[in-house]
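Can you make the complete structure from the sequences, with help from the hints?
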Amino acid sequence: MNAMARAASLALLGSCVALGPLGMPLVNGQTPIEQVTTDTPEYCLHLLQRLRQIEQNRPPPKDVSYLSDEGKLMCDHGQIRAGITRLRRAMQIMLAPTEK
Amino acid sequence: MTGPGVKAAPEMGRQRPTLWRRLTGRGSDRPLRLLRSASIRFAAVYAVLLALSGFALALFLWYETAGLLDRQTEAAIRADAQGLSERWEEGGLPALVMTIDDRLAQNVDDDAIYLLVDSQLRRIAGNLQRWPQGVTATNAWYELPVQRAGIRSLARVQRFDLLGGFHLLVGRDVRVRAQLRNLLTDAMLWALVIVVAMASGGALVVRGLFRRTLANISHTSAAIAAGDLGQRVKLSGRGDEFDQLAETINDMLERIGRLMDGVRQVSNAIAHDLRTPITRARTRLEDAALHAGSEAELRAAIERAIADLDGIVAVFQALLRITEIEAGSRRSAFTAFDLAPVLADVGELYAAVAEERGIQVAVESPPQLPAYGDRELIQQAIANLLDNAVKFSPRGGRVTVSGAASGGGVIIRVRDQGPGIPPDELSRAGERFFRGEDARSTPGSGLGLALVQAVAHLHGGTLRLDDAAPGLAAVLLLPMAQPLDPAGPGT
Ligand SMILES: Nc1ncnc2c1ncn2[C@@H]1O[C@H](COP(=O)(O)OP(=O)(O)OP(=O)(O)O)[C@@H](O)[C@H]1O
Ligand SMILES: [Mg+2]
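Just so you know, the protein sequences line up as chains A and B, in that order.
Residue 1 is where the first sequence starts when you use our numbering, and the numbers rise one by one after that.
Residue 1 is where the second sequence starts when you use our numbering, and the numbers rise one by one after that.
One thing to keep in mind: the hints can contain errors.
Taking CB as the label site, the calculated pair distances span [said to hold, decoys possible]:
| id | chain 1 | residue 1 | chain 2 | residue 2 | range |
| --- | --- | --- | --- | --- | --- |
| 1 | A | A96 | B | V193 | 48 to 58 Å |
| 2 | A | A82 | B | G67 | 55 to 65 Å |
| 3 | B | D118 | A | Q35 | 27 to 37 Å |
| 4 | A | H77 | B | L57 | 41 to 51 Å |
| 5 | B | L57 | A | D76 | 46 to 56 Å |
| 6 | A | A96 | B | A79 | 28 to 38 Å |
| 7 | A | R81 | B | W141 | 19 to 29 Å |
| 8 | B | W190 | A | N57 | 52 to 62 Å |
| 9 | A | D76 | B | L163 | 24 to 34 Å |
| 10 | A | H77 | B | W190 | 52 to 62 Å |
| 11 | A | L45 | B | G67 | 22 to 32 Å |
Quick list of in silico lysine to aspartate or glutamate cross-link-like pairs, DMTMM-like style, CA-CA up to 20 Å [stated by the list, open to error]:
| id | chain 1 | residue 1 | chain 2 | residue 2 |
| --- | --- | --- | --- | --- |
| 12 | A | K62 | A | D39 |
| 13 | A | K72 | B | D102 |
| 14 | B | K391 | B | D466 |
| 15 | A | K72 | A | D39 |
| 16 | A | K72 | B | D110 |
| 17 | B | K391 | B | E431 |
| 18 | A | K72 | B | D466 |
| 19 | B | K391 | B | E425 |
| 20 | B | K391 | B | E348 |
| 21 | A | K72 | B | E348 |
| 22 | B | K391 | B | D374 |
| 23 | B | K391 | B | D438 |
Per the computed footprint, the stretches of chain B lying under chain A, defined by three or more beta-carbons under 8 Å from a beta-carbon of chain A, are [to be verified]:
| id | segment |
| --- | --- |
| 24 | 93-106 |
| 25 | 399-412 |
Just so you know, these hints were derived from the structure itself, not from any lab.
Built from N, CA and C at the ideal position, the CB exists for glycine as well.
If you want it as structure tokens, here you go:
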């Protein structure tokens, strides 16, 4: 009876750990991890350049210049991800009307 | 748990059943005893069931939530790909590259994955470094391990082929699902802790209940095993299963007590009733040995002693006969026979004796009375009843023996006009060696009715003693165990 309880709890623990792979058909076991390129300082710069291009045609609202300034600052200080997020938000605002 | 039964002598402790020790925690091997405890086993079953149902629930939740997320992701990717393909048709490669760039630029959630390559798998646009090796089919979903800003994640991707040998990969990170998995795993680990805690608590509660209810029973059994037959299991008054068990045990003890009383009474009676004739015979022999004047006197004394001893042997034979009948071994001698001549024979036999005392014996019977059973025993039983009736009848009394078919069997009634049996002795009259207070002066050993009763039981029937006012009516009811069939196995 106790062996049963122990086996059951082990099975429970085991399945908790095993839940990860469940339902996730990976490409294959040894697939190398693919690198995403939109997390680099270069992409940060690329975003900033595109923003400037758009701003030339249309003066940016206050929010956008604030966001892009902040994003640039963060990218400069190595906080790439946060910087990119701010630049993307700025981009979203600038591109919004054309999207619609 | 130290009940009043513990006051017993020291050797009683050794006899105490192990159950008692196990329940009261007096064993030396405590952990082993814990595992052997039924309550712990119940608690373990409870814990396992709890864990299994929790696990099943978690699995269900996992597939429901993760499945929903997957469907949402897939819908988003399809819509995305649809938009891209429209741009491709409108403006060709430059428009597609532009759109991909725009979408990446506006991807505040930072979860999008795009990759556009040419027929040589050279990258044209998108945010994956290279085309992943395994993604070969167009209409399948792939799980792709990706690294984003140094953090590993999983992406769900689909491949689309464009005219001109271009390949497009569109996907989304499924980070949320990974978080969900971590959450569920954590929750289940905690649930496991809670299950263990609850099971332990439940085990203690169940064990306490078990101990309290079983201790009562085991306590009583232990006392009885030690020789105190008067003990009874106490009822809680709730009328639950334990009370029912206790009642059954008490009934059983009651019956055992009655049987023991019977055995004790019979052995007492044997000792008591046989001592008198044996002592008498001994005294007679001793007397003759000391005082006999002549050989003739000596011979007479010895003959009387032999007669006394014959009486004792007869009592033993009667006892053995009753035991033999009760054992049921004579059932093989059952036959179908006519009871009418049997009644007539027995009546005639006793009429002669009765006539000397001015007692009339009348036999009432149909010309034929088919019966099934042991003819000799039934005849003996009727004779015993008639013997009593004649013996206890007053001078000039009348004794009636009647036989009749009744239902599927026969009913034999023996009536007299004697003093009858007082109501308080009616139930004991069939016991071995029972003799009424007024019967002390008459010859007999008190085995007559016991034999009648044994014969009745052997045939599946009953002996009933009724007050006939005046006198006694002994009614012997013998149901026919087998229908009378001339060709049947009975004959
Ligand atoms: N017809 C009766 N009238 C009054 N008392 C009876 C009658 N039959 C039985 N009894 C009472 O029941 C007691 C038991 O009867 P039972 O036939 O077993 O023994 P018994 O007649 O005394 O001795 P035994 O039959 O062994 O010679 C009798 O001693 C008597 O007190
Ligand atoms: Mg008798």
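These are the hints, each one checked on the structure:
1. A/A96 x B/V193: 48 to 58 Å: With Cβ atoms ~49 Å apart, the hint holds.
2. A/A82 x B/G67: 55 to 65 Å: violated (33 Å)
3. B/D118 x A/Q35: 27 to 37 Å: The hinted range 27 to 37 Å is violated for B/D118 and A/Q35, with Cβ atoms some 20 Å apart.
4. A/H77 x B/L57: 41 to 51 Å: Holds, at about 47 Å.
5. B/L57 x A/D76: 46 to 56 Å: Because 50 Å falls inside the window, the suggested range holds.
6. A/A96 x B/A79: 28 to 38 Å: violated (18 Å)
7. A/R81 x B/W141: 19 to 29 Å: Because 27 Å falls inside the window, the suggested range holds.
8. B/W190 x A/N57: 52 to 62 Å: holds (56 Å)
9. A/D76 x B/L163: 24 to 34 Å: At roughly 43 Å between Cβ atoms, B/L163 and A/D76 fall outside 24 to 34 Å, so the hint is violated.
10. A/H77 x B/W190: 52 to 62 Å: violated (39 Å)
11. A/L45 x B/G67: 22 to 32 Å: Violated: the Cβ-Cβ distance is about 40 Å, outside 22 to 32 Å.
12. A/K62 x A/D39: violated (26 Å)
13. A/K72 x B/D102: holds (19 Å)
14. B/K391 x B/D466: holds (17 Å)
15. A/K72 x A/D39: holds (14 Å)
16. A/K72 x B/D110: Distance of about 17 Å is within 20 Å: holds.
17. B/K391 x B/E431: holds (19 Å)
18. A/K72 x B/D466: violated (119 Å)
19. B/K391 x B/E425: holds (18 Å)
20. B/K391 x B/E348: Status holds; Cα separation ~16 Å.
21. A/K72 x B/E348: violated (137 Å)
22. B/K391 x B/D374: Not satisfied, since the Cα-Cα distance of roughly 26 Å exceeds 20 Å.
23. B/K391 x B/D438: holds (12 Å)
24. 93-106: As far as the segment 93-106 of chain B goes, the hint holds, because 5 residues have Cβ atoms under 8 Å from chain A.
25. 399-412: violated (count 0)
Checked against the numbered hints given earlier, this structure breaks hints 2, 3, 6, 9, 10, 11, 12, 18, 21, 22, 25; the rest are met.
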